[in-house]
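Build out the structure end to end from the sequences listed, making use of the hints.
Protein chains: 2
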Amino acid sequence: MPSTMKDIAKRTGLGLATISKYLNGGSVRAKNKKLIDEAVKELHFVPNEFARSLKTSQSRTIGVVIPDFRNAFSTSVIATMEDYLRKKDYAVIVCDCRFDPQREKEAVSFLIHKRVDGLINMPTDPTGAHLSLALENNTPVVLLDRMIRSLSGQVSAVVIDNVAAAEEATLHMLDAGHTDIGLILGNQGIYTTENRFWGYQNAYQQRGLTPREELIQYSDYTMEGGYAAVKKLLSLKKPPTAMLVTNFDMTLGTMIALNEANIHVPEDLSLITFDKLDLFGSVYSYLTLVKQPQEVIGECVAKQMLNLLTEENIPHQVTMLSSEFKEGSSVRKIK
Amino acid sequence: MPSTMKDIAKRTGLGLATISKYLNGGSVRAKNKKLIDEAVKELHFVPNEFARSLKTSQSRTIGVVIPDFRNAFSTSVIATMEDYLRKKDYAVIVCDCRFDPQREKEAVSFLIHKRVDGLINMPTDPTGAHLSLALENNTPVVLLDRMIRSLSGQVSAVVIDNVAAAEEATLHMLDAGHTDIGLILGNQGIYTTENRFWGYQNAYQQRGLTPREELIQYSDYTMEGGYAAVKKLLSLKKPPTAMLVTNFDMTLGTMIALNEANIHVPEDLSLITFDKLDLFGSVYSYLTLVKQPQEVIGECVAKQMLNLLTEENIPHQVTMLSSEFKEGSSVRKIK
DNA sequence: TTGAAAGCGCTAACAC
DNA sequence: GTGTTAGCGCTTTCAA
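Going down the list, the sequences are from chains L and C.
Residue numbering for the first sequence follows the numbering used here, beginning at 1 and increasing consecutively.
Residue numbering for the second sequence follows the numbering used here, beginning at 1 and increasing consecutively.
Calculated from the structure, these hints are not laboratory results.
What you are looking at is a predicted structure, and each value in this text was computed from that prediction instead of being measured.
From the three backbone atoms N, C-alpha and C, an ideal C-beta is built for every residue, glycine too.
Be aware that one or more of the hints could be misleading.
[What the hints assert, rightly or not] Pulled a few chain L residues facing chain C out of the computed Cβ check, cut under 7 Å:
id : residue
1  : Val46
2  : Glu49
3  : Ala51
4  : Ser53
5  : Phe69
6  : Arg70
7  : Thr75
8  : Ala91
9  : Ile93
10 : Val94
11 : Asp96
12 : His113
13 : Arg115
14 : Asn259
15 : Ile263
Pasting the structure below:
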């Protein structure tokens, strides 16, 4: 069984308070410093987090609730976040709610009962109802990727400027002469979906055009969903000459569907995608794309959480990051 | 601030012990049962996990250390595991060590200091040195996907029969007339890599053949790595007529490489892959593949951990699950 | 079945 | 700078 501060006290002849103070960064006589350090080493002393937590009411643990573990964007952001928080000695408990609002609410409840210090959430339920327990409980919440407007002022959020991102991409294709641009979106009602849709609409409007309704495909941000949406677009009587695919997983599905249909980019079809990930650096390097800064997002979320946790009176804020438009050669100029 | 058992005691006039006992499943008089239930509801009482943990020395938290968050196999297994454990009221802290043994060791240390009740690990360091702290500490360890032989008897493990899986797949291609079968493996030295390699060798041996050395490509289980390995195989003076790709991420890379090279399956090349995932059901449905039961693995790991945690004297064991060989139409009979 | 009381290991207020 | 001490909120003897 592990040793306690009492053991250290006995061994060094010092009082508990002195030891506790030193271990928490207080100053003690050099002589005692040495004494304690030695004892800690010899006894393999490790402070008992349970006792510390009981006393301070802090778990040094952050809860994270995401829609799905099997999504490249989420895991990429989480990887950075976890890294950052662990360096600050915070543990991260991740719960996956499988896109189910009911499960999402349960996950929040579970985490609050586990007494996490803060909650990071990529929300599935766009109403934010699942967060009420956290809010009542004064547990700080930072939303990830998706803002919930009705919770403005009560939670922080880190998002990208989705309207601008989709608008720029769409304009780029319109200006290359494409007027039939297929749009593959995520689930309807979701923050990013709506904003990317508006960006697309804005672009058309700016050029005095209107997109045909059938070009707009709502899907579900999965590889398989992307695959199906592309199939649908290709089967239209008048299929699009260009496509905007709004996340990475759906992009993979897209590439497979195009491959199967023997359609070449950009000769047969122009393409702009979202979210190319670093783990895929050398492949599809010709794609024109909207690059979301996952690493920056992850770090930004982690930092905001730490601020809320450690500083006094930090106001809640929505941080809007820009995505980067990276031109490749997957858009062909026509006419 | 949340209410405590003391508040309940005051409100009901009962003693702390009675309340504690009832809340932990003990029996009390029906009258008092009601009284307590009411008070719990009205006061929104939730037991303080910190105090409970301090008293019981259990965190009801399991630590998980994996090589990488961005890997379809790991996240798929974790999703199932997390689900199962959360149902049993265990939280899961996942740490990603980025394939780095040093980081892996730090992660283990972090989790032990957080006093997790058990450790689940898909090991990066094949020597198992990173686990010494957990073992000294008597924290039960369940290995995932990869056994560490030197730790036999000290840890449990859930793996699949990789030799059989690779052997069956290779025999299938040999018997279809292919003698030049490219093999795309993970990192050298890794349990699954070695076993899959042996399975491939066994198959050749059984047919009285020997594979050319250049056909065996060690890669890294990433999409990009798979892409590069395929490119290499295709550039051989005498390229293979068939390939065995030993995980899902590398399979994606493979499909992209083949697509770029305009190589069709199975007309130009026969192919067997590992790990098709459910999230990808309708795509590549023609692939002949080795299906690893991620869900079963995840549940099996979780169950073994719970057994170790709650039963007396459970011996450590290695559970070897079978993979399923699913014949599609991606292998062409030749000669 | 119930309640009083001890104590898990730490932190922090207070007095020295 | 240091030591004494009183809890944090629970579980668990033990006696009633």
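*Enumerate the violated hints, using their earlier numbering and listing them in ascending order.*
As far as the earlier hints go, only 15 is violated by this structure.
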